[in-house]
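Enquirer: These protein sequence lines are chains D and A, in that order.
All you need for this note's numbering is the position in the first sequence, starting with 1, plus 238.
All you need for this note's numbering is the position in the second sequence, starting with 1, plus 238.
There's no promise every hint is true.
Identical chains share a label here; the pair holds if one copy fits it or two copies do between them.
[What the hints assert, rightly or not] Taking lysine-lysine and the DSS-like style, the derived pairs with C-alpha atoms no more than 30 Å apart in a straight line are: (1) 433 - 274; (2) 653 - 274; (3) 368 - 388; (4) 646 - 274; (5) 368 - 446; (6) 646 - 466; (7) 519 - 446.
Derived by calculation from the structure, the hints in this document are not laboratory data.
There are 2 protein chains.
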Amino acid sequence: MIRFYNGRVMSFQNGVEISDSEVWTDGALISYVGAKRDDMPQFEREIDLNGDLLIPGFKNAHTHSAMTALRSMADDMPLDRWLFEQILPREAKLTDDMVYVLTKLAIMEYLSSGITSCFDMYFHNEAYVKAIIDSGFRTVICSSMNNYDKDYTAIEGEYLRYNSCNERVSYMLGIHAEYTTCIERMEYMAGLIEKYKSPMFAHSSETKSEVLGCIERHGVTPTVLFDKLGMYNYGGGGIHCVHMSDEDIEIFKRRKLWAVLNPASNLKLASGIAPVERFIKEGIGLAIGTDGAASNNALDMFREMYLVTALAKYRESDASACDADKVLQMACVGGARAMGLNDCDCIAAGKKADLTVINLSRPNMRPLNNISKNIVYAGSKENVRLTMVNGAVLYENGEFFIGEDAAKLYAEADKIAETIR
Amino acid sequence: MIRFYNGRVMSFQNGVEISDSEVWTDGALISYVGAKRDDMPQFEREIDLNGDLLIPGFKNAHTHSAMTALRSMADDMPLDRWLFEQILPREAKLTDDMVYVLTKLAIMEYLSSGITSCFDMYFHNEAYVKAIIDSGFRTVICSSMNNYDKDYTAIEGEYLRYNSCNERVSYMLGIHAEYTTCIERMEYMAGLIEKYKSPMFAHSSETKSEVLGCIERHGVTPTVLFDKLGMYNYGGGGIHCVHMSDEDIEIFKRRKLWAVLNPASNLKLASGIAPVERFIKEGIGLAIGTDGAASNNALDMFREMYLVTALAKYRESDASACDADKVLQMACVGGARAMGLNDCDCIAAGKKADLTVINLSRPNMRPLNNISKNIVYAGSKENVRLTMVNGAVLYENGEFFIGEDAAKLYAEADKIAETIR
Numbered sequence: 239m240i241r242f243y244n245g246r247v248m249s250f251q252n253g254v255e256i257s258d259s260e261v262w263t264d265g266a267l268i269s270y271v272g273a274k275r276d277d278m279p280q281f282e283r284e285i286d287l288n289g290d291l292l293i294p295g296f297k298n299a300h301t302h303s304a305m306t307a308l309r310s311m312a313d314d315m316p317l318d319r320w321l322f323e324q325i326l327p328r329e330a331k332l333t334d335d336m337v338y339v340l341t342k343l344a345i346m347e348y349l350s351s352g353i354t355s356c357f358d359m360y361f362h363n364e365a366y367v368k369a370i371i372d373s374g375f376r377t378v379i380c381s382s383m384n385n386y387d388k389d390y391t392a393i394e395g396e397y398l399r400y401n402s403c404n405e406r407v408s409y410m411l412g413i414h415a416e417y418t419t420c421i422e423r424m425e426y427m428a429g430l431i432e433k434y435k436s437p438m439f440a441h442s443s444e445t446k447s448e449v450l451g452c453i454e455r456h457g458v459t460p461t462v463l464f465d466k467l468g469m470y471n472y473g474g475g476g477i478h479c480v481h482m483s484d485e486d487i488e489i490f491k492r493r494k495l496w497a498v499l500n501p502a503s504n505l506k507l508a509s510g511i512a513p514v515e516r517f518i519k520e521g522i523g524l525a526i527g528t529d530g531a532a533s534n535n536a537l538d539m540f541r542e543m544y545l546v547t548a549l550a551k552y553r554e555s556d557a558s559a560c561d562a563d564k565v566l567q568m569a570c571v572g573g574a575r576a577m578g579l580n581d582c583d584c585i586a587a588g589k590k591a592d593l594t595v596i597n598l599s600r601p602n603m604r605p606l607n608n609i610s611k612n613i614v615y616a617g618s619k620e621n622v623r624l625t626m627v628n629g630a631v632l633y634e635n636g637e638f639f640i641g642e643d644a645a646k647l648y649a650e651a652d653k654i655a656e657t658i659r
Numbered sequence: 239m240i241r242f243y244n245g246r247v248m249s250f251q252n253g254v255e256i257s258d259s260e261v262w263t264d265g266a267l268i269s270y271v272g273a274k275r276d277d278m279p280q281f282e283r284e285i286d287l288n289g290d291l292l293i294p295g296f297k298n299a300h301t302h303s304a305m306t307a308l309r310s311m312a313d314d315m316p317l318d319r320w321l322f323e324q325i326l327p328r329e330a331k332l333t334d335d336m337v338y339v340l341t342k343l344a345i346m347e348y349l350s351s352g353i354t355s356c357f358d359m360y361f362h363n364e365a366y367v368k369a370i371i372d373s374g375f376r377t378v379i380c381s382s383m384n385n386y387d388k389d390y391t392a393i394e395g396e397y398l399r400y401n402s403c404n405e406r407v408s409y410m411l412g413i414h415a416e417y418t419t420c421i422e423r424m425e426y427m428a429g430l431i432e433k434y435k436s437p438m439f440a441h442s443s444e445t446k447s448e449v450l451g452c453i454e455r456h457g458v459t460p461t462v463l464f465d466k467l468g469m470y471n472y473g474g475g476g477i478h479c480v481h482m483s484d485e486d487i488e489i490f491k492r493r494k495l496w497a498v499l500n501p502a503s504n505l506k507l508a509s510g511i512a513p514v515e516r517f518i519k520e521g522i523g524l525a526i527g528t529d530g531a532a533s534n535n536a537l538d539m540f541r542e543m544y545l546v547t548a549l550a551k552y553r554e555s556d557a558s559a560c561d562a563d564k565v566l567q568m569a570c571v572g573g574a575r576a577m578g579l580n581d582c583d584c585i586a587a588g589k590k591a592d593l594t595v596i597n598l599s600r601p602n603m604r605p606l607n608n609i610s611k612n613i614v615y616a617g618s619k620e621n622v623r624l625t626m627v628n629g630a631v632l633y634e635n636g637e638f639f640i641g642e643d644a645a646k647l648y649a650e651a652d653k654i655a656e657t658i659r
């Protein structure tokens, strides 16, 4: 059992309200949230928060973890050259062993940013899952059906295997995107969705040309197409959602779909700015992702949170758009629910102990006029004091506890980058 | 004498080229840059860079340091309410003692972001200068002439005093903005500029309504007005430069003026995005500022650098716009030259020892595919290992060496925020 005391807690049981509760964990779970008690059990560790803030960890609701290999390898060029000349040929060279190392590097970066789980869409899933399990991290894999997989029916096997292999791993159905997947394969996916009554996620409405291309090919937008095919019968959502029609938004409302925002990637690849303020007004559920390190290039929830609100303010020409509380809610709670991690969405007894300690004793967090605004508008990785996943401290005061030496991983990642260059 | 060795150096003598040189300092100056030598002097300290990167410190080319008091006190509201209801009434309550503490808090944040000097425009300059001198930081003050100063002729006295009081303090002429300064005062400023042959800086073309208001009042844009009045006869520049006409840009080229970019502030206050790519194509000198903590809310050069390029890419719908090397150049070199700190612009013998060590052994800096892209696209405050100003280490491994206890300053800043609330 671990005890967090002498600090602040933003539990998200009542929005961004802050209390001075203690939080105890027992194994993978939170066992108690409340006032100091006389009948205290024997703790294996007592962590003096010293005024710092405990929050449910950030959820990275869209990423391609192993793309860390490609960070800074292919920037400052147009999107098509970036993808076809730089990214795809190098991804083709990745092996299982490489994905294992590159995923661990991504996990370290997540932890350093207070992120406790990620919603990942990539390949080499066996190596990916091993990296997750070995390091103690939590993931939801999203299948990435597309036209290039030889045996697309393997997804059903993956669905069954990765939903039962480890308590920190789960698997959700998804296709890569409309523009990479033919109708026959999408229909097969719709069948799986019906069979397992599963939500479905896909890259969707990321660029204007993607939407126009879909209308040309199918007469409708990606959202409308997915819905017509029955892929949204059990919920799910879209990743990016930058260029959305009124009809798309109606479908999101009706189907209770999630829009996963990736503002840094959309900005850097010049894709556009998602209509976040409209999503909020329409009551659409929102989550935040970093996207992969090749397009962002940071795996940093602080950057994303700042951009979600600052870009909404810019887009609406209204400095009051999308306030900080709403953004924190997306990062801590929205992500969890979008990913089906309903036991990771708040700090309450019985929930998973996926927790982050925000260091408030840094210049960017003072004065303490408003803690949630401080985090969203001024926070950075320097404010992550501790990250706990499933009851285990995986990161604290700059050090990683993922069962492997950081320097060794850095050297291996550099070697991989050389190999695929 | 201090020796940096066993690392990498981006000196900016040849752009972003990286060497494995050693760098020695002697007092306030860099005394040697080059290969390891046999005739080594006695060093008071030898710093093993262990592969990390030494760069000229970042220059924060526009800020209002003491506005740290107002961080997160007045966000998520329209610009006019933000300024008139929240900011101005509280600023009026600030005293010298408060400005001293609040400036030190800002200096800590600058140091934690690798910033070695700032171009500041505020009031209570005597207290401000004392905080700078006491903490070891470097500043250039920009006078903030406006209609509200009782005795605007005091600026000449400040100009003389703050240009000779301390080697780490200098003073440049400026007006707050066209919309806060009447023609008579601007003409007085033009006289001072002529007398001292001084560059001039002003908030300029920040919002569309400011430019339209100026055209209504004076028939021309702020830039044209300043130029007509002779205020740009000896150079200087504009702060923000978001809404620029062709004629404005022509004047910037002809007068060799600097455009000081403040992307985070412009975004969060919904002011717009500066035409950075056009500035680059026209050869206009660029520097980067954080603006004050009330509008940003972070004093973080990593955030600004990312936004300068990501927003340029978005604005131009071109992912190849404004590459990372150019942004680093603005932050390290451009700022120095805009601020008149020509002895702080690169790492070379005889230049000031204003240096920052970037920690490359963090997950966000790996693999080392391209170090300048890593810094601009993925860097954060966690990557600042050490910040040195004028030969003295003021920040290292998260600790501050500014002659005052951090915890005490945090508590004082909180108290001030309570007082002016």
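Enquirer: So, for every hint listed, does it hold in this structure?
Expert: To see whether the hints hold, each was checked on the structure:
no.	hint	in the structure
1	433 - 274	neither (48 Å within a copy, 69 Å between copies)
2	653 - 274	between (50 Å within a copy, 27 Å between copies)
3	368 - 388	within (23 Å within a copy, 70 Å between copies)
4	646 - 274	between (42 Å within a copy, 27 Å between copies)
5	368 - 446	neither (37 Å within a copy, 54 Å between copies)
6	646 - 466	neither (49 Å within a copy, 62 Å between copies)
7	519 - 446	both (23 Å within a copy, 27 Å between copies)
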